[in-house]
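Please build the complex by placing chain P on the supplied structure of chain H, with the hints as guidance.
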Amino acid sequence: MNLRKPLILTVVASALVGSLVMNGFSATAASVPGVSSTEIVLGMQLPQTGGASPGYNKIDDAARAYFDYVNSKGGVNGRSIKLVAKDDTYKAGVTITTARELINNDKIFAFFGSVGTQTHLSVVKDINRRGIPDILVNSGYSGFYTDPKKYPNSFGGLGTYTVEAKILGKYLKEKYADKKIGILYQSDDFGRNALAGLTAAGLKFEAKKTAASFVSGTHGSIGLGTQIGQLKANGVEVVIIAAVSSATAVAYATAAALAYKPTKWAVMSVGADSTTFQTILGARGTPLATSAALLAGTISASHIPAAGDADDEFVKAFKKINTDFNKGPDKTWDFNVLHGMNIAYIATSALMGTGKDLTRAKLVSYMEKNGAKLSNAAFSPLGYSASTHEAFTGFWLGEYDASLLLKPLDGKRVVYTTDSGSGLVTVSNYQRPAIAADALPKVA
Amino acid sequence: MKNVNLKKLIATLGATALISTGLVVAVAAPAQASTPVCVEDAKTGVITCDGALSNGAKYRTMVPSNYGGTFFFWQHGVRPSYAYPGYVAPTGVEQMSPTSVNHKVSTVKPMLQLGYGIAAYDCSSNGLHGWNTADCVEMLNELVTITKKRISITKTVVYGGSMAGAILTPYIEKYPTGADAVGVLAGVSPSIANTLKSGCDFLYIFSVFFDPTIKGCTVMGTKGVPGHMAVLGDFAKVGALLTKWSVDYGSSPIAYPAPLAAAGIPQRSALLLAGLIAGIPTKSGHMDGISTNATLIPEGSINSTVAILENAQDFLGTAYFGGQGVAEVVGAGFYDNTKTNFSALLADEDLGRFTVGLSGDDAVNAMLATLAAYPRVEGVPASVAKLAALDKSKFDTTKPVVLLSNEADRLVLSGNQVHYVNKAKAVYEARLAAWEKRLADAKDQPEITFLLKNKPVWNTVSMYAVTPDTYTKFTATGAPDLTAPVAISGVGHESFTKEQLMTWVRVLASSAKTGKVPSQTVLNTILPKVPYLNTDPDYQPAELKYQD
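Chains H and P are the protein sequences, given in the same order.
Each residue of the first sequence is one higher than the one before, counting from 1 in the numbering used here.
Each residue of the second sequence is one higher than the one before, counting from 1 in the numbering used here.
The shape of chain H in the complex, shown without the other chains:
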């Protein structure tokens, strides 16, 4: 019995299979949602209005400004980048709807820079089930990133709250060993993540005494006043805040109203932007000088330069682009604008690196394999790999001076690095690559 397949049939079969594969490939390539020969459509969800919006509502305009700048230079592999932003008002129920709109109506290629932990939690599972890239998420909740099998398409856009809290906690524990340290945190995964990081750093908190949680963002900040009173009543001398900007600002104002003056405030970076802080309190009738006095002396952290660091080359480049391209209602330069531009810079790098034959799977694969090499304004490398999708792996600590510039502690910027697990906090020796003269990423 001749088991050999007749050559002619093999050729026919191969040709047919090949034809199918080719047709299938062509059909797939032609039907990648959000990608045409001239455009790539990205979608972002964020609070553009509502109680939690101040500060964060500038991120989309800043990112779009950078993309417009890239488009003015020819785009990415011949395609311009279009960013569609939806206002979810920081309400998870709305986030579900806006995600559906972005997918079905706007036909986005990928989610980019979506803001908020509890809001993103409401959609992250579905986004990943659909195989849609979910890049540069503006949440430091480690649960999104540390298990890529669970959320294979989600990549961080912030260092995790755990990493930041471990670094901040280590410093505070050593510096204020003789003080009673307490925490005011959001009762969500942001707050819980921060609490876990601080605890890992050796700080101990006692529930309903030195640890006070509240609910932030959706309808004012529920329970915040009571919790500030609790910290005061328990003699907390160093208060760590893990909350969004609006809640942070209200916490300071509430403390002032209660004549509560801790020795030191320390605020997680996403809630500590000085411009936003002053804007929020200004809307409540607090004079600029008063709000400046409240925030001055506060310790915070950052993964990128201080927005007020006029000598930093990324700050200089992005600031100019902001001036020239930002069409948002408020393009006042601050941390949120700098950060928005930086994640747009990283997204542009990733799209460039993925190449002209752009698919969702290829972008995710590129991010996982090459993302850690994508330089940007941060002073630490991105942590992307096959085993984690955490973004910035390091932070430097600073203190707001009287002009509300975040200045490195002890006069010298030291970048610390650690992980979201049990790793130690160490000093980073990473050297940030320079930005190109044209402020465009250079990706091989």
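Certain hints may be false.
No farther apart than 25 Å at their CA atoms in a straight line, the calculated lysine-lysine pairs in the BS3-like style are these [unchecked claim]:
{"id": "1", "chain 1": "P", "residue 1": "Lys425", "chain 2": "P", "residue 2": "Lys513"}
{"id": "2", "chain 1": "P", "residue 1": "Lys455", "chain 2": "P", "residue 2": "Lys473"}
{"id": "3", "chain 1": "P", "residue 1": "Lys392", "chain 2": "P", "residue 2": "Lys423"}
{"id": "4", "chain 1": "H", "residue 1": "Lys150", "chain 2": "P", "residue 2": "Lys423"}
{"id": "5", "chain 1": "H", "residue 1": "Lys264", "chain 2": "H", "residue 2": "Lys204"}
{"id": "6", "chain 1": "P", "residue 1": "Lys425", "chain 2": "H", "residue 2": "Lys107"}
{"id": "7", "chain 1": "P", "residue 1": "Lys455", "chain 2": "P", "residue 2": "Lys443"}
{"id": "8", "chain 1": "H", "residue 1": "Lys150", "chain 2": "P", "residue 2": "Lys425"}
{"id": "9", "chain 1": "P", "residue 1": "Lys223", "chain 2": "P", "residue 2": "Lys244"}
{"id": "10", "chain 1": "H", "residue 1": "Lys407", "chain 2": "H", "residue 2": "Lys320"}
{"id": "11", "chain 1": "H", "residue 1": "Lys125", "chain 2": "P", "residue 2": "Lys423"}
{"id": "12", "chain 1": "H", "residue 1": "Lys150", "chain 2": "P", "residue 2": "Lys339"}
{"id": "13", "chain 1": "P", "residue 1": "Lys529", "chain 2": "H", "residue 2": "Lys107"}
{"id": "14", "chain 1": "P", "residue 1": "Lys423", "chain 2": "H", "residue 2": "Lys149"}
{"id": "15", "chain 1": "P", "residue 1": "Lys425", "chain 2": "H", "residue 2": "Lys125"}
Facing chain P, a subset of chain H residues (Cβ under 10 Å, in silico) [stated by the list, open to error]:
{"id": "16", "residue": "Val94"}
{"id": "17", "residue": "Asn105"}
{"id": "18", "residue": "Val123"}
{"id": "19", "residue": "Arg129"}
{"id": "20", "residue": "Arg130"}
{"id": "21", "residue": "Asp189"}
{"id": "22", "residue": "Arg192"}
{"id": "23", "residue": "Ser213"}
{"id": "24", "residue": "Gly223"}
{"id": "25", "residue": "Thr226"}
The calculated label-pair distances, taken between Cβ atoms and stated as ranges, are [unchecked claim]:
{"id": "26", "chain 1": "H", "residue 1": "Lys150", "chain 2": "P", "residue 2": "Ser106", "range": "45 to 51 Å"}
{"id": "27", "chain 1": "P", "residue 1": "Ala240", "chain 2": "H", "residue 2": "Thr332", "range": "55 to 61 Å"}
{"id": "28", "chain 1": "P", "residue 1": "Gly115", "chain 2": "H", "residue 2": "Thr49", "range": "48 to 54 Å"}
{"id": "29", "chain 1": "H", "residue 1": "Gly297", "chain 2": "P", "residue 2": "Arg376", "range": "50 to 56 Å"}
{"id": "30", "chain 1": "P", "residue 1": "Lys425", "chain 2": "H", "residue 2": "Pro33", "range": "15 to 21 Å"}
For the record, the hints were derived by calculation from the structure and aren't laboratory data.
All of these numbers come straight from a predicted model, not from anything done at the bench.
The C-beta atom is built at its ideal place from N, Cα and C for all residues, glycine as well.
Chain P only, in chain H's frame:
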């Protein structure tokens, strides 16, 4: 015109049929089924025939004068066998085609106007209903068979709502030529065991936190009226709690068990926890899960708590009456939660989103710890095994299947449709992979030609009616207005707009005609024209908590 139509109709009825306006005529039928009695409506020309299947269950067919050969066979949902306040056990064909309670819609007239023949029957076995799905499969087959002998049918559609999902899926698998298309409306994806487990979990949590005398699913299983009355008695206890909460919004602290009572956690938080663990929708007829009010509903998760309260009564109807119906089939003791991890059933996204309604981390931890430590329900192994095997389906039909559910169905959770799609897709993908391998391995031209002509196709359409973004109304006192009209779409059970229902019907008819569901391109032109009908082929509003 009248004569022409009549002639056409007579032609469809076969040689033995004689019809005249207003005249009752006997029509030949299989020996065991009774002879249907037919009447023609003088005004509309619709011929209505009433008959009985071989077991005595009643059926009805309606054929319009412009009948075109496509016939729809309606399978109704679950019907408790015994009366209870507000419910009289049906005895006949009360529903001929899809209807909508919320919208007071009947599709009989528009379906007849489109020239479709329609049929329905009362799925009763020995005069009783309940979870008699296996009997329904055979009765539906009998109805289709005898109707085909009596009427010329070119395309057959079997379709139905709710429990019908657990009948139509096994039906088309057992009788592959028994229909050209299958439609499931707000239907159970076999097996009901998945949803029932969640219903029983819900009741179990009620017994832990609210009233230890509540028996939940352990009360079910006694056959006949005594069993029905026992279930009603237990339901009344839960109903009393729901009534109380509808007044005070569950603000009183949890009373049980004693160690937890001291924590001062409001009952509404335990209700919300129970609802989230069971997978009850966090939107309801009046509550959108989003809208807030400065006083009583200060935050979205409180809105959702009221939604779960509003949905709970119907969901408990599923648990109690569906459960009792199932228990009569599989036996008492079908529920076993000795290995249930309630913490794992609380999804991360729900814990994050509903923190306020759950009264914060400490309260959640305390409630979950209580559930973990509380004595569990040990089932009867034989009953548990029978439940697991009930209505078992392979999800492997190649016939077109068209599904429609409300995203916030409070009775048959929309996760049932998700479950169906995922199961069917797994079969399709395995089939496709096998086909691809066969093609790659093909040795001769005829085989290649054959394979290329027989490539597996994804032959399911999954449509959802979605809600408006926001729709909660508040009274002058700041309370949610639960007397306002319910949301226009996406809520309730088997409640759809007329346009949504008729779109489902048209897609079914088209699918039956071609043997394939419409392409996504075609759907993209049809569906956006129907308000609140989702256009996303990959949309999945929620998953069932159990996925067997």
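Results for each hint:
About 23 Å separates the Cα atoms of Lys425 (chain P) and Lys513 (chain P), which keeps this hinted pair within 25 Å; it holds. Our distance criterion of 25 Å between C-alpha atoms is broken by Lys455 (chain P) and Lys473 (chain P), whose separation comes to about 52 Å. Between Lys392 (chain P) and Lys423 (chain P) the alpha-carbon distance is near 12 Å, which keeps this suggested pair within the 25 Å criterion. For a cut-off of 25 Å, the pair hint linking Lys150 (chain H) to Lys423 (chain P) stands: about 21 Å separates their Cα positions.
As the CA atoms of Lys264 (chain H) and Lys204 (chain H) are separated by approximately 17 Å, the hinted pair is consistent with the 25 Å bound. Using a Cα cut-off of 25 Å, the hinted pair Lys425 (chain P) and Lys107 (chain H) holds, with the two alpha carbons roughly 23 Å apart. Restraint check for Lys455 (chain P) and Lys443 (chain P): the C-alpha separation of about 17 Å stays at or below 25 Å, so the hint holds. Restraint check: the Cα-Cα separation between Lys150 (chain H) and Lys425 (chain P) comes to about 21 Å, which is no more than 25 Å; the hinted pair holds.
Between the alpha carbons of Lys223 (chain P) and Lys244 (chain P) the distance comes to roughly 31 Å, so the proposed pair goes past 25 Å and is violated. With a C-alpha separation of about 22 Å, the suggested pair Lys407 (chain H) and Lys320 (chain H) falls inside the 25 Å cut-off, and the hint holds. A threshold of 25 Å between alpha carbons decides the hint, and for Lys125 (chain H) with Lys423 (chain P) the separation of about 19 Å falls inside it, so the pair holds. Among the hinted pairs, Lys150 (chain H) with Lys339 (chain P) is consistent with the structure: their alpha-carbon atoms are about 24 Å apart, no more than 25 Å.
The suggested pairing of Lys529 (chain P) with Lys107 (chain H) holds, with an alpha-carbon distance near 18 Å, which does not exceed 25 Å. A hinted pair counts as satisfied when its Cα atoms are at most 25 Å apart, and Lys423 (chain P) with Lys149 (chain H) qualifies at roughly 21 Å. Distance check on the hinted pair: Lys425 (chain P) and Lys125 (chain H) sit about 19 Å apart at the alpha-carbon level, within 25 Å; holds. Checking Val94 (chain H) against chain P: minimum C-beta separation of about 6 Å stays under 10 Å; hint holds.
The restraint placing Asn105 (chain H) at the interface with chain P holds, with a minimum CB-CB distance near 9 Å, inside the 10 Å limit. Look at Val123 (chain H): its Cβ gets to within about 8 Å of chain P, closer than 10 Å, so that hint holds up. Given the 10 Å rule on beta carbons, the hint for Arg129 (chain H) holds: about 7 Å separates it from the nearest Cβ of chain P. With a least beta-carbon distance of about 6 Å to chain P, the hint placing Arg130 (chain H) at the interface is held under the 10 Å criterion.
At a threshold of 10 Å, the smallest CB-CB gap from Asp189 (chain H) to chain P is about 5 Å, leaving the interface hint in force. Interface restraint check: Arg192 (chain H) against chain P, minimum CB-CB distance 7 Å, threshold 10 Å, status holds. The beta carbon of Ser213 (chain H) comes within 6 Å of a beta carbon in chain P, closer than 10 Å, and the hint placing it at the interface holds. For Gly223 (chain H), the interface hint holds, since its Cβ comes within 10 Å of a Cβ in chain P; the closest pair sits about 9 Å apart.
Checking Thr226 (chain H) against chain P: minimum C-beta separation of about 12 Å lies over 10 Å; hint violated. At roughly 47 Å, the beta-carbon separation of Lys150 (chain H) and Ser106 (chain P) lies within the given 45 to 51 Å, and the hint holds. Separated by about 58 Å at the C-beta atoms, Ala240 (chain P) and Thr332 (chain H) satisfy the suggested range of 55 to 61 Å. Distance hint check for Gly115 (chain P) and Thr49 (chain H): the Cβ-Cβ separation is about 51 Å, which falls inside the suggested range of 48 to 54 Å.
For the pair Gly297 (chain H) and Arg376 (chain P), the beta carbons lie near 55 Å from each other, so the given range of 50 to 56 Å is met. Distance hint check: the CB atoms of Lys425 (chain P) and Pro33 (chain H) are about 19 Å apart, consistent with the given range 15 to 21 Å.
When held up to the earlier numbered hints, the structure conflicts with 2, 9 and 25 and fits the remainder.
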